[in-house]
Amino acid sequence: MAQQYSRRNLDFMLKEVLKVGELTQYPHFQDYTPDMFDMVLDTAEEIADKIMRPAYVESDRKQPELINGQVKVHPAVKDYMKAMGDSGMISATFHYEHGGQQLPLLVNAANEFIRGAAHNSFVMFTGLTAGSAHLIYSFGSKELQEKFADRMITAEWTGTMCLTEPQAGSSLSDVVTTASPQADGTYKIKGQKVFISAGDHDIADNIIHLVLARIEGAPLGTKGISLFVVPKFRADDAGNYTIDNDVVSTGIYHKMGQKATPAMHLTFGDKDNSVGYLVGEANRGLQYMFQMMNEARLGVGMGGTYIASAAYYAALEYAQERPQGRRLTNKNLVDSQTFIINHPDVRRMLTFQKAIVEGCIGLLFQCYWWQDMIHGLGSDSEEAKAYQTMLDLMTTVAKTYPAEYGIKAVNEGLQVFGGYGYTEDFPLEQMARDVRIMSIYEGTTGIHSLNLLGRGVTANGGKAPQLLFAEVMKTVAEAKTHEVLLPYAEKLEKELGRLQKVTMHLLGLAAQGNNEVFLADATLYMELFGVITVAWQWLKQGIVAQNAIEQQAPTGDELAFYQDKIHTMKFYFHYELIKTLSLAARLLDTEVLTVLQEEVEA
1 MAQQYSRRNL DFMLKEVLKV GELTQYPHFQ DYTPDMFDMV LDTAEEIADK IMRPAYVESD
61 RKQPELINGQ VKVHPAVKDY MKAMGDSGMI SATFHYEHGG QQLPLLVNAA NEFIRGAAHN
121 SFVMFTGLTA GSAHLIYSFG SKELQEKFAD RMITAEWTGT MCLTEPQAGS SLSDVVTTAS
181 PQADGTYKIK GQKVFISAGD HDIADNIIHL VLARIEGAPL GTKGISLFVV PKFRADDAGN
241 YTIDNDVVST GIYHKMGQKA TPAMHLTFGD KDNSVGYLVG EANRGLQYMF QMMNEARLGV
301 GMGGTYIASA AYYAALEYAQ ERPQGRRLTN KNLVDSQTFI INHPDVRRML TFQKAIVEGC
361 IGLLFQCYWW QDMIHGLGSD SEEAKAYQTM LDLMTTVAKT YPAEYGIKAV NEGLQVFGGY
421 GYTEDFPLEQ MARDVRIMSI YEGTTGIHSL NLLGRGVTAN GGKAPQLLFA EVMKTVAEAK
481 THEVLLPYAE KLEKELGRLQ KVTMHLLGLA AQGNNEVFLA DATLYMELFG VITVAWQWLK
541 QGIVAQNAIE QQAPTGDELA FYQDKIHTMK FYFHYELIKT LSLAARLLDT EVLTVLQEEV
601 EA
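Mapping to full-length UniProt numbering: the sequence shown position 136 is 136, numbers consecutive.
One or more of the hints may lead you astray.
Listed below are the simulated BS3-like cross-link pairs for lysine-lysine, each with C-alpha atoms no more than 25 Å apart in a straight line [stated by the list, open to error]:
no., residue 1, residue 2
1, 223, 188
2, 579, 19
3, 570, 474
4, 480, 570
5, 463, 385
6, 494, 579
7, 480, 19
8, 255, 78
9, 72, 271
10, 501, 474
11, 147, 188
12, 82, 72
No lab work stands behind these hints: they were computed from the structure.
Take the sequences, apply the hints, and build the full model.
In structure tokens form, the structure reads like this:
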């Protein structure tokens, strides 16, 4: 299988753009040295090479099965979980007191990128386990931490998040799973959850479900939702987790992609014997779960990006080896065929893939850097509060744009392969199936678009976009000091102004009280916002590359790398940023919305 990501690009982003080594000046990260970050990525590469990549195709062909109430998954999943547990990577970013290593989230993101490019489905097992353990450490009692989370971070047990119900979907206000208080302080859980990733398997002795449910008499809506730890097996009198906790695998969903990770329909309390343990305070469950959901949302954005990365490098390799036709300037049929990479349209498709992958890496790594700076500075500092405000705004964008454009990038990769890409002879057909879910996981594109426009840009008097746009303008100002970057700095400045104009226009519609008109094209607003913020990331990368060319006088491969950065940045501005013209025109035109409203009413 072809190279699936660029370690040189990851190093560029970590060391040159975001200067990850500077994090070690803060007490939270002071036990690290920059070379230790390299060791983390080396370990990720080893796990990817030895365990994950070899199982990618086979685990798709031999998908999990529900047999006699027990799900069987590919045996390599167990090897992967053991390797991750033994290396300490599941809890690497946790605080020391929770068995972690306080690894910067930025480094861990690169670690995940390497593993995800090798096998995007396996990563879900560790991601869910880490996220659920972190949630228990953050909000659960000491007893819950010791009983459950301590055994999850070593991969002895795994974890899940159980939100969605058959009748509710994304509308968590309509969750009806119930929790009945018991005399011993526990709760009887009764209800159903659907689409539970890694909800059952045979790779661990226990599965710890984090379940949203309503305590009897709780308020309606999201304010009445509580969070519970519900293990597959609970402890007997001797402390051994051998008692069936009435968590039944009712069914397994057979998906178009990510088949190595089972998606389960789980039933809790069918025999009135499913015991749950309250996490934190009653009726605050959704508030707690948002921690894991936001972590997962960035992870989903990463998923769209690292699958697109794997697809890009597969397409690049194929284009360099596949002869077909001749150059447009050569009509001599006696000459040998040329490799398809020499055809302009193929080069365009490949450059589009590269521009999306590396631009989305920038967007996601920016979010992880903000998180690390919050840890480094302390959440009470004014600078950290500003980072948190921007992070809250951008998490929904960093989930959605890479998911949507990851799909587009993989599809372009498949197009490079032509008919062969549609066959099982090459990995693109599997990648196209795998990546498709990313725009649905952890909230659909429509849901996140409504959140961005309806809440994100309006909260606290629009403080978040004000802070973000100021950061963009800092980059624009720096880019203007380079003659080669000046036209692109001016383009981004102009497009930022266009975004502000559109935003004010839409907020004006909201002020009129017609929220359906205000939010009708929220997905287009999300795309506009994403296109511009990724252009910001590309300009940041362009500045670093141009500085390196001017100050370091690189030669050979290093010079080629920096020149390619500038070239790809230019491509993004000319081919992608220009899309803002049509998006803005649509968002500023209200006549079609009136027609749409009339069609719906008709």
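These are the hints, each one checked on the structure:
Between residue 223 and residue 188 the alpha-carbon distance is near 20 Å, which keeps this suggested pair within the 25 Å criterion. For the suggested pair residue 579 and residue 19, the alpha carbons sit about 31 Å apart, so the restraint of at most 25 Å is broken. For the given pair, residue 570 sits about 19 Å from residue 474 by alpha-carbon distance, which is consistent with the 25 Å threshold. Proposed proximity of residue 480 and residue 570 is supported: the alpha carbons are some 15 Å apart, at most 25 Å.
Taking the CA atoms of residue 463 and residue 385, the gap is about 11 Å. The hint holds against a cut of 25 Å. Restraint check: the Cα-Cα separation between residue 494 and residue 579 comes to about 13 Å, which is no more than 25 Å; the hinted pair holds. Distance check on the hinted pair: residue 480 and residue 19 sit about 22 Å apart at the alpha-carbon level, within 25 Å; holds. A threshold of 25 Å between alpha carbons decides the hint, and for residue 255 with residue 78 the separation of about 21 Å falls inside it, so the pair holds.
Distance check on the hinted pair: residue 72 and residue 271 sit about 24 Å apart at the alpha-carbon level, within 25 Å; holds. Simply put, residue 501 and residue 474 have alpha-carbon atoms about 20 Å apart, close enough for the 25 Å limit, and the pair holds. A distance of roughly 19 Å separates the Cα atoms of residue 147 and residue 188; the hinted pair therefore holds under the 25 Å criterion. Between residue 82 and residue 72 the alpha-carbon distance is near 17 Å, which keeps this suggested pair within the 25 Å criterion.
Figure legend: structure checked against the earlier numbered hints; the only hint not met is number 2.
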